[in-house]
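*Asks:* Make the full structure from the sequences, and use the hints.
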Amino acid sequence: MYLAASPPLAPCLDVTSMFENWTRYRRVGDDLRLKNDEYERKIEGYVKAQSRSTEQMDAVHEELKVNAETIRKKSDEIEQLKRKMAKGAKDLEAIAEKKQVRHRSLSTGIY
12 MYLAASPPLA PCLDVTSMFE NWTRYRRVGD DLRLKNDEYE RKIEGYVKAQ
62 SRSTEQMDAV HEELKVNAET IRKKSDEIEQ LKRKMAKGAK DLEAIAEKKQ
112 VRHRSLSTGI Y
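Counting with the numbering used here, you get residues 12 to 122 for the letters of the sequence shown.
Honestly, the hints are just simulated from the structure, not real lab data. Keep in mind the model is a prediction, meaning the values are calculated, not measured. One or more hints might be untrue.
What the hints assert, rightly or not - Derived pair list, reagent style DSSO-like, types lysine-lysine, alpha-carbon separation capped at 27 Å:
#1 101 / 84
#2 76 / 93
#3 46 / 59
#4 84 / 59
#5 110 / 84
Claimed, not checked - Label-pair distances were calculated between CB atoms; the ranges are:
#6 34 / 56: 57 to 65 Å
#7 32 / 63: 26 to 34 Å
#8 87 / 49: 35 to 43 Å
#9 52 / 29: 31 to 39 Å
#10 67 / 38: 37 to 45 Å
#11 43 / 63: 50 to 58 Å
#12 31 / 71: 57 to 65 Å
#13 66 / 27: 52 to 60 Å
All C-beta atoms in this analysis are idealised placements derived from N, C-alpha and C, irrespective of residue type, glycine included.
*Replies:* Next up, the structure:
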């Protein structure tokens, strides 16, 4: 009889409230685990996107290197052609000069 009339020994010993607290904490824990999993998936996605972006940048960088080398080669070829054209122009001028001298000498009769 003494036990029936006495209040519970401590609030934490109330089995119903302990079960409710456990259920609530379990739900909160499950929610936190789900959020954590979601964040981990997002982070993995960001990491994959970053690595793809890095790979793309590396590919573009390599392509730019190849293009720069091609441009250098073409520039060298253009310079060589310019030199050949300048030499050809000098040769043409020399030939024209010789023809003019020869033409003058033919017209004057002096060889």
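*Asks:* Give a verdict on every hint.
*Replies:* Cross-check of the supplied hints:
Distance hint between residue 101 and residue 84 is fulfilled; the C-alpha atoms sit about 26 Å from each other, no more than 27 Å. Proposed proximity of residue 76 and residue 93 is supported: the alpha carbons are some 26 Å apart, at most 27 Å. For the proposed pair residue 46 and residue 59, the alpha carbon gap of about 20 Å is at most 27 Å, so the pair holds. With a C-alpha separation of about 37 Å, the suggested pairing of residue 84 with residue 59 is violated against the 27 Å cut-off.
A hinted pair counts as satisfied when its Cα atoms are at most 27 Å apart, and residue 110 with residue 84 does not qualify at roughly 39 Å. Distance hint check: the CB atoms of residue 34 and residue 56 are about 33 Å apart, inconsistent with the given range 57 to 65 Å. Range check, residue 32 to residue 63: Cβ separation about 46 Å, and the 26 to 34 Å hint is violated. The hinted window of 35 to 43 Å between residue 87 and residue 49 is violated, with their beta carbons roughly 57 Å apart.
At roughly 34 Å, the beta carbons of residue 52 and residue 29 sit within the given window of 31 to 39 Å. Roughly 43 Å separates the CB atoms of residue 67 and residue 38, a value that falls within the hinted 37 to 45 Å. For the pair residue 43 and residue 63, the supplied restraint of 50 to 58 Å is violated, since their beta-carbon distance comes to about 30 Å. With their beta carbons about 59 Å apart, residue 31 and residue 71 fall inside the hinted range of 57 to 65 Å.
The hinted range of 52 to 60 Å is satisfied by residue 66 and residue 27, whose Cβ atoms lie roughly 58 Å apart.
In summary, the structure is inconsistent with hints 4, 5, 6, 7, 8, 11 from the numbered list given earlier, while agreeing with the others.
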